[in-house]
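*Asks:* One-letter residues, chain by chain:
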Amino acid sequence: MTEGLQATPYIIACYGLAATFILGFGAWNIMQNRKLKLLKQAIRSRRD
Amino acid sequence: MEKTNSKNWIFGAAALLIMALSWVWALVYAPSEEHMGEVYRIIYVHVPSAFNAFFWAYVLCFFSIIVLIKKGSAASLWAKASAEIGLIFTVLTLATGSIWGRPTWGVWWVWDARLTTTLILALLFAGYLILYNSLNANSQRSKICAVLGILIAADVPVIYKSVTWWRTLHQPPSLMRPDGATMAPEMVSTLIFCLVAMLLVAAWLLVGRVGNLKLAEEIEKQSFEQAP
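Heads up: the sequence lines are chains A and B, in that order.
Taking our numbering, the leading residue of the first sequence gets 1, the next gets one more, and so forth.
Taking our numbering, the leading residue of the second sequence gets 1, the next gets one more, and so forth.
Rather than coming from a laboratory, the hints here were simulated on the basis of the structure.
Treat the hints with caution; some may be incorrect.
Straight-line alpha carbon distances no greater than 20 Å define the calculated EDC-like cross-link-like pairs of lysine to aspartate or glutamate that follow [stated by the list, open to error]:
#, chain 1, residue 1, chain 2, residue 2
1, A, LYS35, B, GLU217
2, B, LYS80, B, ASP155
3, B, LYS71, B, GLU218
4, B, LYS71, B, GLU217
5, A, LYS37, B, GLU225
6, B, LYS70, B, GLU186
7, A, LYS40, B, GLU217
8, A, LYS37, A, ASP48
9, A, LYS40, B, GLU225
10, A, LYS40, B, GLU218
11, B, LYS80, B, GLU220
12, B, LYS214, B, GLU225
13, B, LYS161, B, ASP179
14, A, LYS37, B, GLU220
15, A, LYS37, B, ASP179
16, A, LYS35, B, GLU218
17, A, LYS35, B, ASP179
18, B, LYS221, A, ASP48
19, B, LYS80, B, GLU217
20, B, LYS80, B, GLU218
21, A, LYS40, B, GLU220
22, A, LYS37, B, ASP155
23, B, LYS143, B, GLU217
24, B, LYS161, B, GLU217
With the hints as constraints, model all of the structure from the sequences given.
*Replies:* As structure tokens, then:
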């Protein structure tokens, strides 16, 4: 039990870091996609 | 385009859900390890991350070969996205390995062959991306980056074999051994589950990234056409 408690911060750090990396990159991708679509729309409307 | 987007959303949500389930399985249902105790559960993040790092290095090599064979194809965008995903998972491997090293070895970092060759892989991925972004978009950039992309894959077998070629602190392979895995079958199945889940998430990230790179390229072309 004590051993398990000692390991907890390391386990949380690893899983938390992995979740942050993956979800962070995914969210950045989605936000960039929205930004690029808006930019494309703006360029198209300026041309029309 | 909208249909592709919604498909990507469904795929992403499913992949993330599978990864969350695999982590619950790894933290709650997987058996405890005799020598390392509970801290060994880091293996279910560390090994899938390392597998992804190696896998995307080979994918980068594959697309780099396509770039050299079929000039002017979209393969260079796929190669760049593979390098980005590869870099993320290599850094994650180094970070989780370092966190795991502290309670088991007593140190955060040691200049051991496995760790050093993995750090080299991260630097190679970073170098590829710096090179790609610093050169002008033309066929020469595609060629130079493709050659580097192929060379990066050569580091993967060195990393894998480092624990047998040199005396290292890192443990030898426990899964792909000629005399069979040294892990309990329940641990192996959990590890494979986590590995497949992380691979699916990485594939979703890659598809999204390639979509964005294509969109950015289209915008660049459009703005060039409009320029007076």
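*Asks:* Hint by hint, note whether the structure agrees.
*Replies:* How the hints compare with the structure:
no.	hint	verdict
1	A/LYS35 to B/GLU217	holds (14 Å)
2	B/LYS80 to B/ASP155	holds (18 Å)
3	B/LYS71 to B/GLU218	holds (18 Å)
4	B/LYS71 to B/GLU217	holds (16 Å)
5	A/LYS37 to B/GLU225	holds (18 Å)
6	B/LYS70 to B/GLU186	violated (45 Å)
7	A/LYS40 to B/GLU217	holds (11 Å)
8	A/LYS37 to A/ASP48	holds (16 Å)
9	A/LYS40 to B/GLU225	holds (13 Å)
10	A/LYS40 to B/GLU218	holds (8 Å)
11	B/LYS80 to B/GLU220	holds (17 Å)
12	B/LYS214 to B/GLU225	holds (17 Å)
13	B/LYS161 to B/ASP179	holds (16 Å)
14	A/LYS37 to B/GLU220	holds (13 Å)
15	A/LYS37 to B/ASP179	violated (54 Å)
16	A/LYS35 to B/GLU218	holds (14 Å)
17	A/LYS35 to B/ASP179	violated (53 Å)
18	B/LYS221 to A/ASP48	holds (16 Å)
19	B/LYS80 to B/GLU217	holds (13 Å)
20	B/LYS80 to B/GLU218	holds (16 Å)
21	A/LYS40 to B/GLU220	holds (9 Å)
22	A/LYS37 to B/ASP155	violated (38 Å)
23	B/LYS143 to B/GLU217	holds (18 Å)
24	B/LYS161 to B/GLU217	violated (39 Å)
Of the hints listed earlier, those the structure fails to meet are numbers 6, 15, 17, 22 and 24, in rising order.
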